[in-house]
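Asker: Starting from the known structure of chain A, fit chain B onto it as the hints suggest.
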Amino acid sequence: MSALPEFEPHNQQATKATTCYMCACRCGINVTVENNQVRYIQGNRDHPINKGVLCAKGNAGIMKQNSPAKLQTPLRRKPGTERGAGEFEAISMAEALDILEARLRKIRATDPLKLAYFTGRDQMQALTGFWASQFGTLNWAAHGGFCSVNMAAGGLYTMGHAFWEFGDPDWERTKYFMMWGVADDHASNPIKIGLEKLKRNGGKFVGINPARTGYQAIADEWVAIKPGTDAMLALSMLHVLLKHEQFDWEFLIRYTNAHYLVVDTPGQVGHGLIARNADGKPLAWDMEQNTAVDATQASITPALLHSGEVDGKPVKSVMLLIAETYLDEQYAPEKAAEVCGVPAEQIERLALEMAHVAFKESIEIDVPEGWTDWAGRTHYSFKGRPVSMHAMRGISAHSNGFQTCRAIHFLQIMLGTIDVPGGHLAKPPYPKHIPPALKPSKQCAPNTPLKGPPLGFPTGPEDLVMDDEGKAKRIDKAYSWDAPLSNHGLMHMVITNAVKGDPYKIDTLMMFMANMAWNSSMNTAEVQAMLCEKEDPAQASGDDDPAYKIPFIVISDAFHSEMVNYADLVIPDTTYLERWDTISMLDRPISEPHAACDSIRQPVIQPDRDVLSWQEVQLEIGARLGFPALVNEDGSRKYKGYQDFIINWEKEPGIGFLSGWRLDENGAETHLRGKPNPEQWQRYADNGAFFEMPLPHNTRYYRHANQDYLNFARHAGWVGSTEQIVLELYSETQQRFKLAGQGLYDGPMPTEAHHKERLSRYFNPLPFYYQPLEQSRIDTEEYPLFAVNQRPMFMYHSWDSQNAWLRQICAQNFLYMNRQRGQAFGIEDEMWCWVESHHGKIRVQVKLIEGCQYDTVWTWNAIAKQKGAWGLKDDANESNDGFLMNHLISELLPHQNDALDTVTNSDPITGQAAWYDLKVKVYPAQAGETGTWPTFATIKPLPNQAPSPDILRYHTHEPVNMVRPMDDVLQRGSVHAATENTRDLGEESSS
Amino acid sequence: MKLGLVIDLDVCVGCHACAVSCKQWNTSGTTGPLTDYRPYGEDPSGVWFNRIRSYEVGDYPNNKTINFPMSCMHCEQADCVDVCPTGASYKRAEDGIVLIDQDKCMGCNYCSWACPYGARELDRESGVMKKCTLCIDRIYDENLDEIDRQPSCVITCPAHARHFGDFDDPSSNVSQLVRERAGYDLMPELGYQPTNQYLPPRLTRPVPTDDVKKPLLSSVKDWVNKAIAR
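Protein chains in written order, with our numbering: chain A, 72 to 1062; chain B, 11 to 240.
Simulated from the structure, these hints should not be mistaken for lab results.
Hints are not guaranteed to be accurate.
[What the hints assert, rightly or not] When the alpha-carbon atoms are kept at most 30 Å apart in a straight line, the in silico DSS-like pairs for lysine-lysine are as follows:
(1) B:12 - A:406
(2) A:431 - A:454
(3) A:268 - B:236
(4) A:918 - B:74
(5) B:224 - A:406
(6) A:542 - A:177
(7) A:177 - A:431
(8) A:268 - B:74
(9) A:454 - B:236
(10) B:224 - A:384
(11) B:223 - A:297
(12) B:224 - B:236
Fair warning: this is a prediction, and the values are worked out from it, not measured in the lab.
Just chain A, with the same shape it has in the complex:
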């Protein structure tokens, strides 16, 4: 072999480990830097999340760092100019912080609710929530309300963990995997890694999705379902399982509340609540003793099916209610087929296939050391049911998403697949008790921290955050009768509510990394107008000129988003390669099912702009405002900055943001619980930017009932009690709200008719299917097509339209439509068409495809951009041909001149934004009508913003050419000859 040149200037390169932030997946990356420029980003092989691989987005990090849309300096709206006009002046960071401090100081000292602080796709909700708590405002949440609260709530109120961040399929052992709805956004690499394992192991992958794109491309079976009908499909499969008596008796009796007795006194106070003894313990019917006993005891032999009387009250067991409910003919596959568009034969077969794999192909893992169950009994194996599922936004983004998510969990539980080998596994710090023992804060006062976190988990109407008249206390109306279990808040309602002054007016809207002026808001055009809406001059306070209904807007982002254009003050953030950060166990850590893990980011690039990470901004402002957790009694600062805070702040003794490499009493390093360690950041940096503690083998399954695990989790601060986590098939929380709606609750109850109707109709202790709210208020014949967004794997979350490489894969989204349906409408491929909903219309280009359910149209989410934003040029496809569905979606329910006209277009239980309930009609545009519509004014360039280049030739060093020697050219002119030569040489050398 001829000598090769030295290709890379390794001596000028350095590689550091950190955590990717091209999406929410949080993969480990090794970043090689040359002259403060990124040479190469590679997946970290040791990292628990991505195990060395990296997706398209992660590989495009160079172009994120290189984006011309990076904010250069803090900005202030020029005095005298209109908000949204894009007239900014550059100011120093010192000045920007002074402005923010003065504004917030006044609010905190007078009425902390006047600050609404909402964050987008951040991964530091433990820190932002801490900040809001210390500030003393209830008005804080992250973006979960328009993202995936239905999945989190559905899981946490049923099994103590959930899909994605709180749980994963047991990819190593599962033999049958069912994916519900679009899930290409959560998670990225782990699902791809898992699907390959599944297929290599000979497992079956069933994809339930109206579109055959993304992961569904490699599904063994595609179930083309109508959007929003998944609950019916799941419950019909449950019907089949019950009919054939295919459910896990032992699992139900030992690990769920299936044997609990429920009071059966319809129409009376207390109906549907769990029958309890004098100590408040739930009751079950013991078959040996023939009496009602404490259902939580280990020694009993409970009747799964029971109907009788206890203390003179009629009772039924939960399982009996389940059987009666779902064996009803309304759930028969033939009936479900009409709702879902899925053939009855397929529904029945899929249910039975799962039953076969769960019960005829069950697995058993030996545990020689033994595991101790919640009752102290030792077992020497883990029994596994190798059926697993995953669901995310396709289920979540419907107004029936909570009940649908519960319906899917019902299937998993009936098959005995929760936290068992081959099934669905929790990820530390989950599972938690059901629901987690945190209640939302209700009270706030000037210059006073909240007593707890702003968000929590109500278990009944008394936990709601309302005043004495039943009016919402939070600006987003979370935890009100509109959305009682809105555990993630309703960020999508903040601007609308604040502008309407309903429930009250605010002073300052502060947002981090949230594009509420564009793709993160429903009803984008009107939200943009609202952001600029002014008070009637007669009512103006005079403090601000002019007087906006939202008087002051503060935005922190790293890039020139559409939202930046509406800020009064812009604080530029660092990029993910420029900052210190934690992905904390207190928040949403990176744990794997069998390992407790958290991680950090460390700077690999030195910023070349006047920027400050939002982490540092929060701590700086908090210290200036004298937050008790951040200052000493004399008012001096407790922490030098973010890194110092992360090391030394403790939530409770021994528990801080980072759980790895803490110190024991002797100063030796220990994990999970321990004293602060000044070397902690360094330890993370030295260990690939993450901490991973494998769980002992006997704590890896049945953790809801595994005493070894629960003791371990208690020590780590993950659970507050070591009592068994009993999976809640029957949700008493749901029933309490239902009773409140029916006027049968012994506690707070709504007074308005539409609230009563909402609670009594949509809350239900057993999951059920109902038509999505929007669809029940429009003419579905007028609007025959379901319209949903799918998530492109190479760009999902789509914040990277400014990414020069990713936008070459897709710079324009199309409306994808079933070919046969399109042809029936007279629509041809690539034709420009109008799409109309009850709320508005848009003009789009249609593509006819096979991989689309007959009654559905779909597009890629958030490709479209406003002209001038994100460093894109005016002729960029994103702003000329791309489109947002958002214009067709109202943040309020369709107008019908009734009390619901002002109610959020969200899941009535959780407040989850119902993006995917949309129904539309599509018809060809007139000749000459081309290009996207509506169009928006071009956003002006920012001061100091360099024009985006026309040609990009990114490289970190001059290429080292592979020179072909001249004698090679002369001797091997033809490859055909060369092949023969090579063969001859080979024969000669071997002879």
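Answerer: Below, chain B without anything else, positioned relative to chain A:
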């Protein structure tokens, strides 16, 4: 040696990770930069060595979506080399990698017309042809850990759909995969004898259901409680 790739169509989800990984490595690689035209404007495009084609097969509802990554096949009968008038294109004798000497290339495009796989691209800024090098600047770089001496696309593939190795060695991972999974050439009828091989989708295993069916319709009344201790 006969170095090349095996691409597993059973698990490729069309995520484009390989394409972008190739782009980021090679833009500072031996034939870098890989120029981008109108990177922030209309119809952005640029030089890529690896592109994912997506197709649909069959009519709804019996349709399938196929994602098909394509890059240089490093053919045994590489006409792209034969047609090169300057001798810039060559196939290395020692490992079969097809390369373009950037100093000798005049950007005439003959090679791209000769390539049936669309693997060669003209960099309009530098006026030369560029293509997959199998990351020759990785696979022979002894400063990298041995496990990293693989093409960037292979290292990054989240679905492990890409494999790199020596097809001349019957015990190599790629030779084994081709044997076990019936790997095939793309368009063999053209006679280019591509080195890269594709693995077809696995057959779906049938899951029996007869053993979990109850012959008669039952109602709750028929169920008998089982004595199971909690």
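Asker: Are the hints correct? Go through all of them and say.
Answerer: Against the structure, the hints:
Of the supplied pair hints, the one linking residue 12 (chain B) and residue 406 (chain A) is violated, its CA atoms being roughly 59 Å apart against a limit of 30 Å. At roughly 12 Å between alpha-carbon atoms, residue 431 (chain A) and residue 454 (chain A) fall within 30 Å of each other, so this suggested pair holds. With a CA separation close to 37 Å, the supplied pair residue 268 (chain A) and residue 236 (chain B) exceeds the 30 Å bound. At most 30 Å may separate the alpha-carbon atoms for a hinted pair to count; residue 918 (chain A) and residue 74 (chain B) meet this at roughly 17 Å.
For the hint linking residue 224 (chain B) to residue 406 (chain A), the alpha-carbon distance of about 20 Å falls within 30 Å, and the restraint holds. Taken as a hint, the residue 542 (chain A) and residue 177 (chain A) pair is honoured in the structure, with Cα atoms around 25 Å apart against an allowance of 30 Å. Under the criterion of a C-alpha separation no larger than 30 Å, the hint pairing residue 177 (chain A) with residue 431 (chain A) is inconsistent with the structure, at around 67 Å. Between the alpha carbons of residue 268 (chain A) and residue 74 (chain B) the distance comes to roughly 21 Å, so the proposed pair stays at or under 30 Å and holds.
The hinted pair formed by residue 454 (chain A) and residue 236 (chain B) meets the criterion: a straight-line CA distance of about 19 Å does not exceed 30 Å. For a cut-off of 30 Å, the pair hint linking residue 224 (chain B) to residue 384 (chain A) is broken: about 35 Å separates their Cα positions. For the suggested pair residue 223 (chain B) and residue 297 (chain A), the alpha carbons sit about 27 Å apart, so the restraint of at most 30 Å is met. At most 30 Å may separate the alpha-carbon atoms for a hinted pair to count; residue 224 (chain B) and residue 236 (chain B) meet this at roughly 18 Å.
Violation of the numbered hints given earlier is confined to hints 1, 3, 7, 10; the remaining hints are satisfied by the structure.
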